[in-house]
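2 protein chains.
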Amino acid sequence: MKVKVIVTLKKGVLDPQGKAIQQTLNGMAFGNVSEVRQGKFFDIEINESDETKAKSQAEEMCKKLLANLVIEDYKIL
Amino acid sequence: MKVKVIVTLKKGVLDPQGKAIQQTLNGMAFGNVSEVRQGKFFDIEINESDETKAKSQAEEMCKKLLANLVIEDYKIL
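As given, the protein sequences belong to chains A and B, one line each in that order. Letter by letter, the first sequence follows residues 28 to 104 in the working numbering. Letter by letter, the second sequence follows residues 28 to 104 in the working numbering.
Among the hints, erroneous ones may be present.
Which copy? The list can't say, so a pair holds if one copy fits it or any two copies do.
Claimed, not checked - Below, a list of computed lysine-lysine pairs in the DSS-like style, where the Cα atoms sit at most 25 angstroms apart: (1) Lys80 - Lys29; (2) Lys102 - Lys29; (3) Lys29 - Lys67; (4) Lys82 - Lys46; (5) Lys91 - Lys46; (6) Lys102 - Lys38; (7) Lys91 - Lys80; (8) Lys90 - Lys38; (9) Lys67 - Lys102; (10) Lys90 - Lys37.
Simulated from the structure, these hints should not be mistaken for laboratory data.
Turn these sequences into a full structure, and let the hints guide you.
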């Protein structure tokens with residue numbers, strides 16, 4: 028089954044890429060954008076039909092490889 | 028309000044970064060991972076209380092800046 032994972036920077040961690048996107052949007056007729064934070068998205072196909080098992084595997088992957096837990100949070104959809 | 032946007036590569040577009048992650052996972056006791064596709068995630072704070080308006084603005088942003096529609100799809104959550 029497919030598991031979707033989002034990895035985002037923790038609150039308080041500077042996100043210069045997001046800031047650059049925000050400033051560009053502000054200069055493009057989107058003046059009401061007050062903040063943009065960028066993160067990563069992973070679409071993972073796991074050969075495992077049990078949803079609970081697949082999600083717990085995805086969680087392991089986040090802890091071990093996909094996210095840097097010092098500065099990032101992860102969320103499994 | 029906050030709008031979340033996911034930008035992913037279209038089906039069929041090569042994703043070498045996702046492939047590298049998949050191969051790394053396969054070498055790390057996650058042998059049952061058959062595909063990984065990586066995308067981008069944006070958390071956008073818009074000064075607009077109407078949800079429909081905020082989402083249609085986010086869609087405009089995707090079309091004009093956040094996604095390259097030739098090779099990417101976007102999804103507003």
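_Alpha-carbon proximity between Lys82 and Lys46, which holds within one copy, between copies, both or neither at 25 angstroms_ = This pair counts as between: shortest inter-copy Cα distance 20 angstroms, intra-copy 32 angstroms.
*Within, between, both or neither, where Lys91 and Lys80 count as close if Cα-Cα is 25 angstroms or less*: within (17 angstroms within a copy, 39 angstroms between copies)
*25 angstroms Cα cut-off: does Lys80 pair with Lys29 within a copy, between copies, both or neither?*
within (12 angstroms within a copy, 31 angstroms between copies)
*Is the C-alpha distance from Lys29 to Lys67 at most 25 angstroms within one copy, between copies, in both cases, or in neither?*
So Lys29 and Lys67 pass the 25 angstroms test inside a copy (16 angstroms) and across (17 angstroms) alike.
*Status of Lys46 relative to Lys91 across identical chains (alpha carbons, at most 25 angstroms)*: between (28 angstroms within a copy, 17 angstroms between copies)
_Copy assignment of Lys67 with Lys102, given that the CA separation must stay at most 25 angstroms_ = both (11 angstroms within a copy, 14 angstroms between copies)
*From the Cα coordinates, with 25 angstroms as the cut-off, is the pair Lys90 and Lys38 best called within, between, both, or neither?*
within (18 angstroms within a copy, 27 angstroms between copies)
*How would you classify Lys102 and Lys38 at a CA-CA limit of 25 angstroms: within, between, both, or neither?*
both (14 angstroms within a copy, 23 angstroms between copies)
*What label fits Lys90 with Lys37 when the C-alpha limit is 25 angstroms: within, between, both, or neither?*
within (15 angstroms within a copy, 27 angstroms between copies)
*Using 25 angstroms as the alpha carbon limit, work out where Lys102 and Lys29 are close: within a copy, between copies, both or neither.*
Answer is both: 14 angstroms inside a copy and 17 angstroms across each meet the 25 angstroms cutoff.
Going through the hint list in order, the structure satisfies each hint without exception.
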